[in-house]
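J.: Protein sequence lines, in the order shown, are assigned to chains A and B.
According to numbering that gives the first Met the number 0, the first sequence is numbered sequentially starting from 0.
According to numbering that gives the first Met the number 0, the second sequence is numbered sequentially starting from 0.
Just so you know, the hints here were simulated from the structure itself, not pulled from any lab data.
Do not rely on the hints blindly, as some may be mistaken.
Pairs count within a copy or across copies, as identical chains cannot be separated in the list.
Unchecked claim - 30 Å max Cα-Cα, derived DSS-like pairs, lysine-lysine:
1) Lys244 x Lys1
2) Lys179 x Lys193
3) Lys179 x Lys221
4) Lys193 x Lys257
5) Lys221 x Lys193
6) Lys6 x Lys244
7) Lys239 x Lys6
All of these numbers come straight from a predicted model, not from anything done at the bench.
There are 2 protein chains.
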Amino acid sequence: MKRIDGKQVAEKVIAECKEEIAALKERGVTPGLAVVLIGEDPASKVYVGSKAKKCEELGIYSKKIEMPIDATQEEVMQVVEDLNNDPAIDGILVQSPPPPHIDEDAIVRAINPAKDVDGFHPLNVAKLALEDPTGFLPCTPHGCMRLLEDAGIETSGAEAVVIGRSMIVGKPMALLLMGKAGNATVTVAHSRTKDLAAVCRRADIVIAAIGKPEFVTADMVKDGAVVIDVGINRVKDASKKSGYKLVGDVAYDEVAPKCSAITPVPGGVGPMTIAMLMKNTVIAAGRR
Amino acid sequence: MKRIDGKQVAEKVIAECKEEIAALKERGVTPGLAVVLIGEDPASKVYVGSKAKKCEELGIYSKKIEMPIDATQEEVMQVVEDLNNDPAIDGILVQSPPPPHIDEDAIVRAINPAKDVDGFHPLNVAKLALEDPTGFLPCTPHGCMRLLEDAGIETSGAEAVVIGRSMIVGKPMALLLMGKAGNATVTVAHSRTKDLAAVCRRADIVIAAIGKPEFVTADMVKDGAVVIDVGINRVKDASKKSGYKLVGDVAYDEVAPKCSAITPVPGGVGPMTIAMLMKNTVIAAGRR
Chain A
0 MKRIDGKQVA
10 EKVIAECKEE
20 IAALKERGVT
30 PGLAVVLIGE
40 DPASKVYVGS
50 KAKKCEELGI
60 YSKKIEMPID
70 ATQEEVMQVV
80 EDLNNDPAID
90 GILVQSPPPP
100 HIDEDAIVRA
110 INPAKDVDGF
120 HPLNVAKLAL
130 EDPTGFLPCT
140 PHGCMRLLED
150 AGIETSGAEA
160 VVIGRSMIVG
170 KPMALLLMGK
180 AGNATVTVAH
190 SRTKDLAAVC
200 RRADIVIAAI
210 GKPEFVTADM
220 VKDGAVVIDV
230 GINRVKDASK
240 KSGYKLVGDV
250 AYDEVAPKCS
260 AITPVPGGVG
270 PMTIAMLMKN
280 TVIAAGRR
Chain B
0 MKRIDGKQVA
10 EKVIAECKEE
20 IAALKERGVT
30 PGLAVVLIGE
40 DPASKVYVGS
50 KAKKCEELGI
60 YSKKIEMPID
70 ATQEEVMQVV
80 EDLNNDPAID
90 GILVQSPPPP
100 HIDEDAIVRA
110 INPAKDVDGF
120 HPLNVAKLAL
130 EDPTGFLPCT
140 PHGCMRLLED
150 AGIETSGAEA
160 VVIGRSMIVG
170 KPMALLLMGK
180 AGNATVTVAH
190 SRTKDLAAVC
200 RRADIVIAAI
210 GKPEFVTADM
220 VKDGAVVIDV
230 GINRVKDASK
240 KSGYKLVGDV
250 AYDEVAPKCS
260 AITPVPGGVG
270 PMTIAMLMKN
280 TVIAAGRR
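Here chain A stands alone, though its shape is the one from the complex (with noise of 0.2 Å):
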């Protein structure tokens, strides 16, 4: 069984981005993000901050537009605008979720589509369901993708599963392994679906993005499968000074000795995650 390494994997992601940004200065080019917080959840703040850690480590110009949680909807819609006329930005992420009084879909559609490195501007959604190469992929799945290649995973002709229909990972995830850069036979799984463990024994692929800890157990994979876990779920945990600690949507231990390959939680796709949106990042500051 290979225990993938998202961590080493998003390093070398990393790396590919510093000599790309070094390439990038030579023109004159500094990339840059901004992310967008409103309010004060203390989630959003660790990744607001790992994000600009991670851009401060690369070289990239960083802005942190920090707004209280009361800010209006129009308030919102005017920082985005200006950073969209921001010649120094590249990127615009606004930190999900905000506070309920927000119109999240509207920011997203307000972000100019060449600066929407996370992806879910409903023009680089199509470009991805059209397979053209001009968008920004979501972060997520572009890092699964990332990951199965750097294992040297084949997908096409591979059965997958993927376990879960959100437009932030299952369904995207499902379009990239569908479409010729995966070539795979892919199921999409779900909350409705009747006899999910056997649907789930069919994959030479599973991914998993359901959003329930532990929810893929050893009957649900067969052997020799490959498994990539996209969940992060915090469980109570007494024997952890923080009072929990972090599982993924599979049940790790269980299944990971049937496998061929699987990512842990954490250090499988989380890091990814964030690698991806340096590397969408840089590819947005290649395109001024």
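Given the coordinates of chain A, work out where chain B should sit on it, guided by the hints.
T.: Using the frame of chain A, we list chain B on its own:
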């Protein structure tokens, strides 16, 4: 075995359109559809003619714009732009395929998404993926969904296999079936799928959209399955006056006896495509 009569369901859709058009006319709105034909392709002429005829039958204002085979990209773009600005026109379609010197994607992108009754504009592709009901669904997959619904076939929890991954049918069909409207467990199979027969045999519902005459044979279909045949292929037939006959992607005679329901070719999905085009035009007019 139930033979799903596409003509009959299409007539039902047309009858609904008539009612909606009557209501629109009371509000002073006459729906308008513009069809642009470039060149003299005989099959395209037939399609354009039957769309115009259907409009007439329904009381939809129809505008046919015929352009010479050597029309330039700029000339076609100008025609689209004029139609975008024409308040009498709710729907615009440029008959596919245009001559090879024309960039069809650029033309589709130039159509106002609010008038894109074919549902091929990137914004409408995205809305389909995002399950945003303010877009337009592409006519053929939408027609297939309506056939299933009308025949009382439960898609929720069913195993559906879509053969083909084009953006005209395969991918949108998969997205519709896997979304909240379908709730099916969807597999997309294609030319790279290993053991396609075994994959198809899993299906409660088979959607054949691979563009190969009589490709789906009896050994690929499980007993009691529902088969929707999207293919329309011309094959030589010396016994016909025209020298050819139309067949689907399914070997109807051998597959039908195994099915609980199946669409014939012709008279299955075909009539639905034009009916859904009328539906989209009426929807567009309703949004004026």
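J.: Compare the structure with each hint and give your call.
T.: Structure-based check of each hint:
1. For the identical chains of this complex, Lys244 and Lys1 are intra-copy neighbours only, at 23 Å inside a copy versus 55 Å across copies, given an alpha-carbon limit of 30 Å.
2. In the homo-oligomer, the alpha carbons of Lys179 and Lys193 lie at most 30 Å apart both inside one protomer (29 Å) and across protomers (15 Å), since each shortest distance falls under that limit.
3. Taking the shortest alpha-carbon separations for Lys179 and Lys221, both the intra-copy value of 26 Å and the inter-copy value of 29 Å come in at or below 30 Å.
4. Taking the shortest Cα distances, Lys193 and Lys257 sit within 30 Å of each other both inside one copy (23 Å) and across copies (23 Å).
5. Taking CA atoms no more than 30 Å apart as the test, Lys221 paired with Lys193 passes in both settings, with 18 Å inside one copy and 17 Å between copies.
6. Proximity of Lys6 to Lys244 under the C-alpha cut-off of 30 Å is restricted to the intra-copy arrangement: shortest distance 19 Å within a copy versus 59 Å between copies.
7. In this assembly of identical chains, the alpha carbons of Lys239 and Lys6 lie at most 30 Å apart only when taken from the same copy (23 Å versus 66 Å across copies).
When the structure is compared with the earlier hints, no violation turns up for any of them.
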